[in-house]
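Student: The lines below spell out each chain.
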Amino acid sequence: MVVIVGPSGSGKSTLLRCINRLETITDGELVVNGVPLHNKKIDINRFRREIGMVFQHFNLYPHKKVIDNIILAPVKVLGMSNAEAREKAMTYLNRVGIGDKADSYPSQLSGGQQQRVAIARGLTMNPKIMLFDEPTSALDPEMIGEVLDVMRSLAHQGMTMVIVTHEMGFAKEAADRVIFMDEGRIVEDATSEDFFKQPKEERARTFLSRLLHH
Amino acid sequence: MVIWDSSVLFDHWDRYMQGFGQTVLASLLALIGSLIIGTIIAILRISPYRWLNVFGAAYVEFLRNIPLLVVVFFFFLGLPSLGIPLDGFSSGTIGLMVYTSSFIAEAIRAGIQAVPKGQTEAARSSGLSYVQSMWHVVLPQAVKVVLPAVGNQMINLVKNSAILGVVAGLDLMYYADLISSDTFLPIPVYTFVALFYLVLTVPLSMAVHYMERRFARSNA
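Here the protein sequences line up with chains A and B, keeping their order. The first sequence stops at residue 395 when you use the numbering used here, and every number in between is there. The second sequence stops at residue 223 when you use the numbering used here, and every number in between is there.
One chain only, chain A, in its complex shape (with noise of 0.2 angstroms):
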């Protein structure tokens, strides 16, 4: 699991979108899972199936139920059938624990709600990474906790992450990898216990000190 921290406007987001070409590529190369995103000329459909993504404001799709939201890019884009990918679907919701929303319309459900549907929409489709753009900014703070967790038990499972996020708690007990950033560049790149413990570069030191005094 790798974090992206930093403060506001340092281009953590930017990074991260990046990584599946939502953000265009002006400048420079970049290689993700050894398909070189910078070529203008690559498949990126074929490329962002195998990436999944969870966004700040969730964005499920309104106009369909939360299990048509999850099969709608298995069905089309990897081609299951509707009956697998339901069942897969199925196990996702359970798996992130609300197997009984299935049928709701993600306007009836609570944001924390609707940010696991969007955690399992990724999943559905067997992504090799998953990337989280500030999957808890736009939550209750009660509800920030049962997303943590989801995502929590996923890294406990394997899966390789990429998260944007201002929980420094979750960084701190759960990342692999920190990446600090600041001003657009990646000031710094350490395990999580060298970058809590012992940050190298002084922009990170005021950044944590910022953070602990309050």
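No lab work stands behind these hints, which were simulated from the structure alone. It is possible that part of the hints are untrue.
[As the list claims (entries may be wrong)] Calculated pairs, DSS-like style, for lysine-lysine (alpha carbon to alpha carbon, straight line, at most 25 angstroms): (1) A:Lys257 / B:Lys147; (2) B:Lys120 / A:Lys246; (3) B:Lys120 / A:Lys222; (4) A:Lys378 / A:Lys353; (5) A:Lys257 / A:Lys246; (6) B:Lys162 / A:Lys257; (7) A:Lys257 / A:Lys221; (8) B:Lys120 / A:Lys221; (9) B:Lys162 / A:Lys246; (10) B:Lys162 / B:Lys147; (11) A:Lys246 / A:Lys269; (12) A:Lys245 / B:Lys120; (13) A:Lys221 / A:Lys309; (14) A:Lys257 / A:Lys245; (15) A:Lys245 / B:Lys147; (16) A:Lys353 / A:Lys381; (17) A:Lys309 / A:Lys353; (18) A:Lys309 / A:Lys222.
Use these hints to put chain B onto chain A, whose structure you have.
Tutor: Positioned in the frame of chain A, the structure of chain B alone reads:
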């Protein structure tokens, strides 16, 4: 001098009916066509390809800023002069279709852009193509936003179909002109014409209202 005589309706019932039928047919064809063309043009206008945007924008700006009559005359008089003969009904219907499609394209574009960008991002990030995310995710949500505006355009289209009368399109208006010049009773003749148009437009606008309410009630 006789001003009002209801018997024009019954005496000329067959012509009224024939014209009414053609008006309904022209409206229906133009409506279906303009919805299809309008949706395609709207998608061109917002597509990531610059030259498609330009084409879409040019189409809309050109067509919605010239009079319908000019568009219809282009098909009715212009094409035959190039050796492509078109009768009044066809040229009127095609002109109406093309003209209305530019307004519908604008309405649909606005609707598509009202759908949050995150929806497209979620769809694209899961590997759906541009067209797939449009079809399965964006358009179904845009419909709700677009419905009132497109409903208005549908009603305008039915009313604008009277243009067929000018190019001998054998519609309601065309026959009304004939009946009027036969009977010298324009007031009852055109009053009944107005009623025939209302028979089409009032249920249409009620249907649009009904669908609006239905969509509004369905989840967010």
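Student: Checked against the structure, which of the hints given earlier come out wrong?
Tutor: Per hint list: 6, 9 violated.
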